[in-house]
Amino acid sequence: MTTPAGDPLGGRSAPATVLPTFCFVLLVSGTGIAGQELPHPRQMDLPGVEVERPDPGAHQIGLENGLTAYVAEDRTVPLVTLTAFVRAGTAHEPAGAVAALARAFGSGPADLEPGAFSGALREMAAEYRVDVGPERLELVLDVPAEDVEAAADLLARTLRAPRIGADDASAVEGPPAGSFDESLDDAFRLFRAHLYGDHPYGPAGAREVEGTLSASAVQEAHGRLVNPGSVVLSVGGAVDPDAARRIVRERFGDWTADAAGPTGSPPPLEPPADRRVHLYPAPEALQGWIVIGHELPPVAEEDAAALEVMNYILGGGHFDTRLFRATRDRRGLTNDASGFPEALVDGPGTYTFRTYGRPAAVKLLVELTFREIERIRSERVSEEELLVARGALSDGVFADRYRDGWATARSLAEERAMWRHHRRSASYRERIERVTADDVLEAARTYLHPERMQVIVIGPLDRIRSAPPMEDERSLDGWGPVRVHAAPAESR
Amino acid sequence: MPMTTFSLPMLRVVTASLFFVAVAPAITTAQTTDFDLPIREHVLDNGLRVLVLNRPGSERVACKIFTDFGAMVERPGQLGAAHFLEHLMFKGTRTLGTTDWAAERPLREALLETEADLIAARNGARNEIRVREVWHGDSLPSTPALDSIQGEIERLESRMARFRDNGAMMRWYQAFGGTNLTATTEQEYMKFDINLPADRVDLFLRVEADRMTNTVFREFDEERMILVEQRYGDLGSPATPYYEQMNAAVGLIHPVFWPEGYRTDFRNYTRDYLRALYDEWFVPNNTTLVFVGGVTLDEIVPRVERWFGHLERRPEPRRVEAVEPVPEAERRVIYRSDEMAPRVEARFLIPGVGHPDRPRVDVLGRVAGRLVQDALDRTGIAGRVNPNTRVVHTSRFGVPASLNVEVVLDDEADVGRTLPVLLRALETIGEGAGTRAHLARARKELRTEWYRTARDPDALAFEIGHFQTMDSWRTLEAYLEGRDATSLEDLRRLARTYLTPENRTVGIVRGTGEER
Numbered sequence: 001m002t003t004p005a006g007d008p009l010g011g012r013s014a015p016a017t018v019l020p021t022f023c024f025v026l027l028v029s030g031t032g033i034a035g036q037e038l039p040h041p042r043q044m045d046l047p048g049v050e051v052e053r054p055d056p057g058a059h060q061i062g063l064e065n066g067l068t069a070y071v072a073e074d075r076t077v078p079l080v081t082l083t084a085f086v087r088a089g090t091a092h093e094p095a096g097a098v099a100a101l102a103r104a105f106g107s108g109p110a111d112l113e114p115g116a117f118s119g120a121l122r123e124m125a126a127e128y129r130v131d132v133g134p135e136r137l138e139l140v141l142d143v144p145a146e147d148v149e150a151a152a153d154l155l156a157r158t159l160r161a162p163r164i165g166a167d168d169a170s171a172v173e174g175p176p177a178g179s180f181d182e183s184l185d186d187a188f189r190l191f192r193a194h195l196y197g198d199h200p201y202g203p204a205g206a207r208e209v210e211g212t213l214s215a216s217a218v219q220e221a222h223g224r225l226v227n228p229g230s231v232v233l234s235v236g237g238a239v240d241p242d243a244a245r246r247i248v249r250e251r252f253g254d255w256t257a258d259a260a261g262p263t264g265s266p267p268p269l270e271p272p273a274d275r276r277v278h279l280y281p282a283p284e285a286l287q288g289w290i291v292i293g294h295e296l297p298p299v300a301e302e303d304a305a306a307l308e309v310m311n312y313i314l315g316g317g318h319f320d321t322r323l324f325r326a327t328r329d330r331r332g333l334t335n336d337a338s339g340f341p342e343a344l345v346d347g348p349g350t351y352t353f354r355t356y357g358r359p360a361a362v363k364l365l366v367e368l369t370f371r372e373i374e375r376i377r378s379e380r381v382s383e384e385e386l387l388v389a390r391g392a393l394s395d396g397v398f399a400d401r402y403r404d405g406w407a408t409a410r411s412l413a414e415e416r417a418m419w420r421h422h423r424r425s426a427s428y429r430e431r432i433e434r435v436t437a438d439d440v441l442e443a444a445r446t447y448l449h450p451e452r453m454q455v456i457v458i459g460p461l462d463r464i465r466s467a468p469p470m471e472d473e474r475s476l477d478g479w480g481p482v483r484v485h486a487a488p489a490e491s492r
Numbered sequence: 001m002p003m004t005t006f007s008l009p010m011l012r013v014v015t016a017s018l019f020f021v022a023v024a025p026a027i028t029t030a031q032t033t034d035f036d037l038p039i040r041e042h043v044l045d046n047g048l049r050v051l052v053l054n055r056p057g058s059e060r061v062a063c064k065i066f067t068d069f070g071a072m073v074e075r076p077g078q079l080g081a082a083h084f085l086e087h088l089m090f091k092g093t094r095t096l097g098t099t100d101w102a103a104e105r106p107l108r109e110a111l112l113e114t115e116a117d118l119i120a121a122r123n124g125a126r127n128e129i130r131v132r133e134v135w136h137g138d139s140l141p142s143t144p145a146l147d148s149i150q151g152e153i154e155r156l157e158s159r160m161a162r163f164r165d166n167g168a169m170m171r172w173y174q175a176f177g178g179t180n181l182t183a184t185t186e187q188e189y190m191k192f193d194i195n196l197p198a199d200r201v202d203l204f205l206r207v208e209a210d211r212m213t214n215t216v217f218r219e220f221d222e223e224r225m226i227l228v229e230q231r232y233g234d235l236g237s238p239a240t241p242y243y244e245q246m247n248a249a250v251g252l253i254h255p256v257f258w259p260e261g262y263r264t265d266f267r268n269y270t271r272d273y274l275r276a277l278y279d280e281w282f283v284p285n286n287t288t289l290v291f292v293g294g295v296t297l298d299e300i301v302p303r304v305e306r307w308f309g310h311l312e313r314r315p316e317p318r319r320v321e322a323v324e325p326v327p328e329a330e331r332r333v334i335y336r337s338d339e340m341a342p343r344v345e346a347r348f349l350i351p352g353v354g355h356p357d358r359p360r361v362d363v364l365g366r367v368a369g370r371l372v373q374d375a376l377d378r379t380g381i382a383g384r385v386n387p388n389t390r391v392v393h394t395s396r397f398g399v400p401a402s403l404n405v406e407v408v409l410d411d412e413a414d415v416g417r418t419l420p421v422l423l424r425a426l427e428t429i430g431e432g433a434g435t436r437a438h439l440a441r442a443r444k445e446l447r448t449e450w451y452r453t454a455r456d457p458d459a460l461a462f463e464i465g466h467f468q469t470m471d472s473w474r475t476l477e478a479y480l481e482g483r484d485a486t487s488l489e490d491l492r493r494l495a496r497t498y499l500t501p502e503n504r505t506v507g508i509v510r511g512t513g514e515e516r
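The listed protein sequences derive, respectively, from chains S and U. Taking my numbering, the leading residue of the first sequence gets 1, the next gets one more, and so forth. Taking my numbering, the leading residue of the second sequence gets 1, the next gets one more, and so forth.
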């Protein structure tokens, strides 16, 4: 979609009150712009931007066994990235199986000793990683172009028949119950434990799996969950498309499986019905780490754009969010305060707000987070905020996803793996451009429920709770019933 | 949703940070199999340098503005000031970040006068506020008079707060499709970065010309507290004090080894000092613009002239005069920590970028890492070797820094026997250990890492600008080729030259209990 030239923000004009009270009109001369005659960016007449999402059909390979792959050539540098997305994750049964599979994928194929696998990757100067989440696995192998055939061979053998050892099966998932580190990551992990309980979408550590899995059970799960129908590949970089097609066919064309991946819907989640505060002591810590949030159900396509715009304005991980301005810019309370709507496809994700700061600032950080959440739920965002968010998402974030061949192959494959279609990317810019202030307000009221958010704080609780108020913030008890958890028995 | 990652550890020298790259459709330029860097340069009459690496077909541009200025210019008591200045340079200018500059300006002038009173009062009270305690805390002594002046400063800032328009500099970048907005200050450079659609690069030129000349230091004390928070975050890693102690032992006097600042330094910052730094160093003849992506030099020069051409060349900023003295004796640091994994490491001073040995040291580090790992494995010591050239956060400098060979151990009981194994393995390099296979692998690793950098326009633009501040952008390609051309004889010579006892600093980390 092309935004009109000369009016890059879609022809909408912001109310005059949001502009600075002075606004120099630029008179461009051949000798350049004098120091003070700097126009406001909105007066610069910047051209519109065309962002074309590549045609998935032009990059797609479909095998007879149901496996799909996307190839995008890019010869900027002689590197190739091979990625396998598997539509199966830690939420799928049996509990712990996919986490065990992820560990197995890290060890390489069954017909190769782990040392030989890692040695082969080292010889190629490869970068290899395996990521696992509730609904998917991802194997990423980045190699010099000269090694693509060998790399594809290793990846295919690993994916189709990983080395599953007794250790992989029996390893305890996650840290010991009740233990935590002094970090935002662990505050989030504890939040997830409180939110999900024993729900299969919860953190692996919430479920005791030690000793309950056998290698054969993991093997069976592999056969059922990892098969041509549940895998989407991407091949991006310095490889000829015809060669890439041949590589995919040669290594995956004969792959058959009776099963078709995970079946059934996840069980419903019964999230906490009211707001609670969970405090975890870290007496020697210099800061407190805060996570506030609740579950996020799968987001309907018609709501996705408004939710994204809303979060961009509220806490979208950049320097100009409402949370950033309130906590960092104006008060110097924290280095970061951001919102993370992490929606999934089938089951419940999370929507959290995360921040951290010195003990004296923790209560005010909690207060300001809730205050901004309430504000966006009760007042329309400004036209300027809307314009900025739309431009950032449409002309920036979306454009980034197809910035080069590597990103294009990956983005197309990932979308196919999770959604089974490409409608979302096809309509993304249009949907973002259509979002109104009323839509943002509706999204905030639909997807933000501060009255039942869980508040997790790790930090020096005595100093946090006894600190005098910096402004008019409530004590932590003012947000709901407080539970002080025990300090970890041992640190990890 | 959180993802758990299982990765194979890879020996890797830390180079530039990775940022997201610009958008581009699938492109089919000629495959690059060497280090060809078609960078084009133009220098304005006022000394501003423009470097462009065009990527035909790319619709976005990684834009960076580098200033040849960093923590090395700081003075003791004001460490971290360069980084703090970067923070302040996000607070806006006379045209962005304020709702009424005409009303704000006189308050700013009054503020600066009041701060001048504060500085004079501090100087006059030097014997009253001098820190004499060894085990001092973070706060600095004060007097009622100083507190009174500080209170007036805070009142003035509070009055100015109503004119602020927070986030204005970032907002309009983002509104017009900007991504990867960030900034970094290290020992030798400060840079501001943004990725923009190619047709909107003028926005970068407008904003950065403004930032370079019209920055207003808003929310000074609030931003000072952000440095405190960042410092707390650093101290949250148990390794931070250890690394600072190691750097202090490796380098006797050169500021490249100094830390990012202590909380006592943060309390010393004044607008006056920061302004002096800004006025001296942020001048066109000390600045480089770097563009990687869908623009050409011919397209960009007239636009740069339009926005920066009116700026006048200023006196050259002072150079950093410190020279690290020639080392005379080995140093050792014994660090006790129950939170860090036990470790043994050896650090060696190495030459800066621009010296012909420096690229070859990268290869030496890789080969050394492999040989040390093999030696540990043969001896039955469970540990992981991490060779790197990092000082604070950066891995390359235009001045001497260090090659670090770290061994992180599984068992503290191995600390005692690891050091001789480590040192002996390093000695063997000078004696001829190291095979063509080691060399080939090291070269391939470094070459592949370079390709990963070059794949990413942001990372590539960083390297170009960083080399300009360390030495010259023209030497980047030669640096890469120098690594590729390293021979076994080079390794032996480098080992005999640099991996010597008097050039060595040893670090040992063990727990607080009895030594086993």
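Hints were generated in silico from the structure; no laboratory data involved. Watch out, some of these pointers could steer you wrong.
[What the hints assert, rightly or not] Stretch by stretch, here's where chain U covers chain S in the computed footprint (C-beta under 8 Å, at least three residues): (1) 72-78; (2) 94-100; (3) 327-337; (4) 423-432.
Everything numeric in this text was worked out from a predicted model, so none of it was measured. Note that CB positions come from ideal geometry on N, CA and C, so glycine has one too.
Evaluated hints:
Note: the segment 72-78 of chain S has 7 residues with beta-carbon separation from chain U under 8 Å; the three-residue rule is met and the coverage holds. Interface restraint, the segment 94-100 of chain S with chain U: violated (1 residues with C-beta to C-beta distance below 8 Å; minimum three). Beta-carbon proximity to chain U at under 8 Å applies to 8 residues in the segment 327-337 of chain S; the threshold of 3 is reached and the given coverage holds. With 0 residues carrying a beta carbon less than 8 Å from a beta carbon of chain U, the segment 423-432 of chain S misses the three-residue requirement, and the given coverage is violated.
Of the hints listed earlier, those the structure fails to meet are numbers 2, 4, in rising order.
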